[in-house]
Structure formats: C-alpha cells, structure tokens
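A.B. asks: Letter by letter, the chains look like this.
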Amino acid sequence: MTAAIEIEGVTKRFRLYKEKMQSAKERIIKFGRVPYEDFYALRDVSFTVAEGQTTGLLGHNGSGKSTLLKCVAGTMRPSSGTIRTRGRVAALLELGAGFHGDLTGRENMYLNGSILGFSKADVERIFDDVVEFAEIAPFIDMQVKHYSSGMTARLGFALAIHVDPDIVLVDEVLAVGDEAFQRKCLERVDEMQSEGRTILVVTHVPDLVRQICQQGVVLDRGELIAFDEPGPAIRVFRESLVRRGIMLAEELTGDEESVIDERMLSRAVQFTDVAIEYADPSADYAVPGERVRIRCGYAAPEPIDDVVFALNIADPDGHLMLGVNTDRIDAPLDGVAGSGEVVFDLDQMPLMDGDYEVSLGIHTHDGATEYDHLEGEHRIQVMNPTQMLGRVHFDVSVSHHPMPHRSVASPNR
Amino acid sequence: MSQPASVASNGGAPAADRSDRPEADRPELRTTEISKRPGAIRRLRDVWRYRELLGNLVRKELKVKYKDSVLGFLWTLLNPALQLIVYSFAFGVLFKTPVPLFAIFFICGLLPWTFFTSALTSGSASVVANSQLVNKVWFPREILPLASIGAALVHWFLQSIVLVIALFVVQRSPDWAYVPLLIPAVLVLVTFSAALGIMFSAINVYLRDTQHLLELVMLAWFWATPIVWNYPLIGQRLSENGLPFYLGFVNPITPIVVTFQRALYHEWVWSGSRMVNGAEVTGVVPEGSVWWYLRNLAIVGFGAVVLLWVALHIFGRLEDNFGEEI
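Chains as they are written, first to last, in my numbering: chain S, 1 to 413; chain W, 1 to 326.
Check before you lean on any hint, since a few could be wrong.
[Claimed, not checked] No more than 25 Å apart at the CA atoms, straight line, and that leaves these computed lysine to aspartate or glutamate pairs for DMTMM-like:
#	chain 1	residue 1	chain 2	residue 2
1	W	Lys67	W	Asp46
2	W	Lys60	S	Asp128
3	W	Lys65	S	Asp129
4	W	Lys67	S	Glu51
5	S	Lys145	S	Asp166
6	S	Lys184	S	Glu132
7	W	Lys60	S	Glu277
8	S	Lys120	W	Glu52
9	S	Lys184	S	Asp102
10	W	Lys67	S	Asp102
11	S	Lys145	S	Asp171
12	S	Lys184	S	Glu51
13	S	Lys145	W	Asp68
14	S	Lys184	S	Asp166
15	S	Lys120	W	Asp46
16	W	Lys60	S	Asp141
17	W	Lys65	W	Glu52
18	S	Lys145	S	Asp128
19	W	Lys63	S	Asp102
20	W	Lys63	S	Asp122
21	W	Lys96	W	Glu280
22	W	Lys60	S	Glu124
23	W	Lys63	W	Glu52
24	W	Lys63	S	Glu124
25	S	Lys145	S	Glu187
26	W	Lys65	S	Asp128
27	W	Lys60	S	Glu51
In case anyone wonders, no lab produced these hints; they're calculated from the structure.
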C-alpha cells in the first residue's frame with residue numbers, strides 16, 4: 001500500500017515571547033535580548049497514513065492536534081522533520097474563511113477553486129453540484145458578506161469536498177449547519193471513504209473515531225502516545241485524560257472539554273472488581289430478553305459525597321446503545337465510604353447478536369473530576385438462539401384471526 | 001449530548017455518481033514536501049504552476065477595489081488626470097517653469113511612479129491583508145505580493161489612456177526610435193517592484209510598521225526621482241561640485257523614468273545648459289543614444305534580478321512562521 005501522508009520526526013516549536021512586540025522600535029531596541037520560552041506544540045511525531053485510510057487524531061485541548069493538521073495542510077511549517085503528502089489536499093478547516101466578503105458566491109468559488117488547484121473549466125464542471133449541495137442557489141450571485149455564517153460554511157464545505165481531493169483534512173467542522181446538513185456531511189464522508197480518499201480527522205470525540213476511522217492517533221502535549229486501531233487508541237486517550245485530570249465533559253453537559261487543575265485529579269474512588277452476570281450463571285454470553293447484571297465493586301479509602309457511577313454500552317460499530325449513570329436513573333448516591341458495590345440491572349437484554357463494549361466510570365456530579373474509568377475492558381456477548389433477525393429484541397407474538405363468513409377472492413362481487 | 005458525531009451515518013450513504021473519477025485520467029499524483037524550504041527556482045516554478053490563481057487574485061483585487069462605487073474604473077483615470085491638472089497649474093502657471101509642455105513631461109514620469117508606489121504599498125501589505133487565505137490552505141505565498149503588482153500593472157496600462165489623450169491634445173508623437181526601450185523599462189520596473197514587494201510583504205508580517213514606514217519613504221523617494229524636476233538639473237549640480245554626472249542614477253527608478261521621458265516627451269534633449277530664446281536653460285531630458293539608455297536599464301535590471309533572488313530567500317526564511325505570526 002502506498003503512503004498518502006508521511007510524517008517523520010515532526011517537531012513544531014513556538015517561541016513564546018514574554019512581551020508582545022509588533023513595532024520596529026521595540027524590536028530594534030531590544031534586539032536579541034527579548035525574553036522568551038520555547039514551547040513545543042509537537043515533539044518528534046512520526047506516523048504514516050496509507051492511501052484510502054481514515055485516521056482519527058485524538059488529543060486534549062492544546063495537545064498539538066490542530067497544529068499537526070495545519071502542518072499537513074501546509075499553512076504551518078514544522079521546525080524540524082518532514083511531512084510528505086501525495087495528491088491534492090483539501091482542508092476542511094475554518095470553512096469559508098478564505099472567502100472575500102465583497103465578492104459574490106460565484107466569484108468566490110472560482111477564486112477558492114484556483115487556490116485548491118482547480119482551473120476555471122474544472123470549477124464550471126462542479127459548479128451546479130456545489131451550489132446544490134450547499135443549498136444556496138438563490139444567493140449565488142450575492143456578495144458573500146450578506147450570507148449568514150451557516151451559508152458561508154456550507155458553501156465552503158461543499159466546495160472543499162467537490163474539488164476531487166486525494167487527501168481530506170477535517171477539523172471538527174461537521175458541526176456546521178443544522179442537523180440535516182450534518183447528516184449530509186457525514187454521508188459524504190462515508191462516500192469519500194468508499195471512493196478511496198485518505199481522510200485525517202481531528203476530534204476530541206472518541207465515538208466519532210470509533211464510528212468512522214480505521215485507526216487512531218493520540219497526541220498528548222505534543223507527543224505521539226498511540227498509533228493503533230480505534231479501540232486501543234481510545235483507551236490510551238482516555239487514560240491520558242484521566243492522568244491529566246481532564247474529563248470529556250461533553251458526555252455529560254454537551255460542552256467542550258473542561259480542563260481542571262492537576263491536583264483535583266483524584267483516585268479517591270476506584271473500581272476494584274467488575275463482574276458481568278448472565279441469567280444462566282454458567283454461560284459467558286447473554287440471551288436477548290433475559291437479565292444481565294453488571295456489578296461494580298469499588299473502594300474509597302476516604303468518604304466522598306460527590307460521586308456518580310456511569311455505564312456506557314456501545315455496539316461493535318461504536319454507536320452508543322446505552323448511556324446511563326446513577327443520577328439519571330433517579331438513584332443518586334449520597335456518597336461512598338469504604339468499599340461496596342454498585343449494581344446495574346438490565347432486566348431484559350434488548351440487543352440481538354453482537355459483541356458489545358462496556359465502559360464504566362466514576363466521576364463527580366459536574367463531571368469535572370474523573371475518579372476512575374474502565375474503557376471497553378469488559379464486553380457483553382449476546383447470542384440469539386431464536387430465528388429472529390435484526391438488532392433489537394422485541395417481545396413479539398404473532399396470532400392469526402381469519403374472518404369466518406367472508407368469501408375469499410371475490411374482488412368483483 | 002447533541003454533538004454532531006452522534007448523527008448516525010451508517011444508514012448506507014447513497015452512492016452518488018462519482019464514477020467520473022477514473023484512474024486513467026489521474027496521472028501520477030504529485031508529492032508535496034511541506035517541511036522543506038524550497039529554493040528560489042522551485043518557488044518561481046510553483047508560482048508558475050499556480051498562475052491561474054495569480055490571475056484570479058489580480059481580478060479579485062481589481063474587482064474589490066471599486067466594488068459598489070458608481071464610477072468604478074473611471075477612478076483609475078481620474079486620479080492621474082487630476083494630478084496632471086494640479087501640477088500643471090502649480091508649475092506651469094504659478095511657478096512659470098520654462099519647461100515646454102510641462103504637463104506631458106510630468107505625466108510621463110508620474111505614471112511609472114504611480115505604478116511603483118501602488119505596487120509597493122499594496123504588495124507589502126498583501127500577505128497580512130490576505131491572512132485568512134494564508135491560514136487556510138497552502139499555495140505559494142509569493143503569489144500575494146505578485147497579485148498586487150499585477151493589479152497595479154493593469155491600473156498603469158489603463159492610466160496610460162490619460163497620457164495618450166494628452167499627447168493627442170497637444171499634437172505630439174513619441175520619438176519612435178526610443179519607443180522600443182519602453183518594453184525593457186517596464187520589465188525592469190516590474191522586476192524591481194516584485195523584488196521589493198515580496199521582501200516587504202514578508203517583513204510586514206513581523207513588523208507591521210513596515211507599511212507605514214514605506215509610505216513616508218515613498219514620499220521622499222518621489223522627490224528624489226526626476227518627475228517634477230528634470231534630471232539634467234541634478235547632473236549639473238553634481239558636476240558643479242566635481243562629482244560625476246551619473247551619480248544621479250543611483251536611484252534605480254531614475255533610469256526608468258528618464259527612459260519614459262525620452263521616448264514619449266523628448267523636448268530639450270540635452271544634458272548641460274543652452275541658450276533658448278536668449279536665456280540660459282538646463283536640458284530636460286538627458287542626451288544619450290538608445291544604447292546609452294539601454295545600458296542604464298540593463299544595470300538596474302541586473303540589480304533587480306539579484307534583488308529578486310535575495311527577496312525570494314528572505315521570503316522563504318520568514319515564511320516559516322507566517323502561520324503563527326499573522
């Protein structure tokens with residue numbers, strides 16, 4: 001397989017000046033003795049993305065993931081190391097940022113098309129598709145400064161995906177537009193994958209990586225700590241967050257990552273042992289419709305009031321099947337002290353055949369502190385003994401009610 | 001919980017008709033090495049590869065400049081026309097300059113000068129002005145100052161209409177023997193402007209004072225160039241002080257401006273003093289053969305090419321940190 005993106009020993013050093021100087025006078029007066037600190041946004045990062053692969057770039061805020069993407073896009077040059085890209089690169093970063101407000105949508109398309117290496121004829125060829133995809137046909141001859149931000153972003157996205165890129169760089173832009181447009185974008189990503197394009201996605205949403213990527217790269221303070229399949233990569237990512245005392249708060253509040261002070265990181269409550277019990281104690285699989293119990297043993301050396309136990313179950317494609325915690329089922333804990341057990345009872349296993357991943361966490365009510373986390377270390381295997389097909393176990397019964405006094409097959413009485 | 005990622009995508013994407021992507025018409029993919037600092041030749045080749053973008057950026061600059069103005073491109077002509085009137089009145093009527101057809105003399109120098117200033121001021125601001133593009137995608141950044149220069153060049157050619165009209169009004173024809181010199185003169189001026197524009201556009205990213213400082217420098221430079229005054233005057237002052245005549249050519253714009261004056265104006269072509277109508281007057285355009293003019297242009301042209309090479313190197317070095325400085 002040929003490499004589409006080769007990253008070899010890339011380091012990016014920023015020089016942080018203690019004082020911001022923009023004027024010549026200051027620069028000349030203080031020439032050569034301006035106090036500064038070196039900040040390494042990337043340290044010796046190496047990995048290779050093969051052609052046609054989708055790779056997720058995971059990392060906390062400030063881990064260097066966006067810097068790396070900018071280096072690959074060519075808008076930043078690494079301090080050392082080499083980056084090679086094969087083919088046309090389209091970056092879905094800061095969509096529509098390259099548009100000029102005084103030009104119309106049409107004029108901007110030609111200008112931006114040529115930035116991406118497209119000739120006038122090429123842009124003409126894709127023009128209708130882009131306008132249709134962006135849903136801005138009535139406004140295409142209007143100056144872009146009169147567009148709403150959503151329209152600008154849609155046009156930017158539509159253009160970027162239509163310029164026939166070999167490599168697509170995505171920086172959490174799937175958040176543009178309404179839900180229908182987001183769905184369209186994700187479908188488009190799927191389509192680009194099946195067309196064999198190479199995609200590099202920057203995100204801090206592990207579920208997205210699980211869902212669309214073949215491999216994950218995890219950065220931690222500029223260092224590459226994992227380059228692996230999505231599952232293991234996400235585990236490393238989670239562990240790095242726990243180490244840093246950062247929690248994916250959006251799982252709880254929908255917000256961005258919230259970063260907390262290191263000293264708030266606490267191992268005050270930890271899982272001791274976790275067991276999954278099935279209806280048939282001797283089986284190591286669940287049967288649809290039957291009971292499954294997840295027992296989480298914990299140990300808390302000191303009493304803690306602010307505590308929530310959370311359970312996530314995801315299907316083999318990474319889609320969340322169940323996300324629940326002790327707060328959401330109206331069984332808030334008053335606190336824990338010493339050791340004990342929290343038990344999640346699933347009275348009727350509603351899922352059909354599959355290998356489901358169980359993730360468990362203990363955190364505070366606001367999610368700012370995570371005490372412990374077990375990412376996908378446990379699994380529930382579901383075996384379906386019936387003839388039913390599908391993903392969800394319905395409690396189905398069938399009955400037949402023939403009408404006794406009606407003659408059959410007499411359409412024209 | 002409503003993060004976009006949770007929007008399901010597994011519902012089977014509709015296979016759109018993207019079959020117009022056959023392997024056959026996709027030649028060998030180009031490998032770009034982002035990390036290497038390309039040399040001057042590579043840079044020029046990249047610019048050539050992106051010439052369509054250059055054309056589009058020039059068009060953009062032209063469009064944006066007079067967007068939403070009623071007169072549009074007429075403004076381009078009004079500017080030199082008005083300057084022509086003001087300077088001819090000030091020097092022709094108030095100062096009573098002895099120079100014949102002062103207006104023609106003045107505009108011959110003014111037009112290349114206007115190109116030079118607008119190319120340089122807009123060129124040096126270009127990278128900062130287009131920061132949204134610089135942050136978005138890779139393309140040879142030198143294109144930005146070059147696009148400003150291209151736009152200034154278009155304005156210059158349009159403004160030449162004013163000169164043509166003025167020549168027509170006073171019933172003068174150019175000195176055809178010297179007219180071919182205008183081609184190297186334009187080339188040299190464009191190269192020189194490109195070199196300075198590329199250099200200052202990169203410096204301006206780090207020192208925003210550059211563009212303001214440049215405005216002042218240009219004001220002084222204007223008066224150091226024989227546009228309002230005539231070149232032999234300074235030559236005479238130089239020789240009075242025992243200095244060689246050509247020292248006045250240290251200003252690289254001078255040979256270019258003087259070439260324009262020689263070809264299009266050609267009145268009082270002598271270098272020293274002569275008696276005209278009973279008064280001793282200095283020449284207006286220096287005396288010299290076509291080859292003398294060409295040699296001067298060649299010297300400036302050589303300097304401009306060297307400067308361009310240096311500018312491309314400086315640009316390449318400073319370009320490293322455009323992303324974060326801009």
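A.B. asks: Hint by hint, which ones does the structure fall short of?
C.D. replies: Numbers 1, 3, 4, 5, 7, 9, 25, 26 and 27 - these are the hints that the structure violates, sorted from lowest upward.
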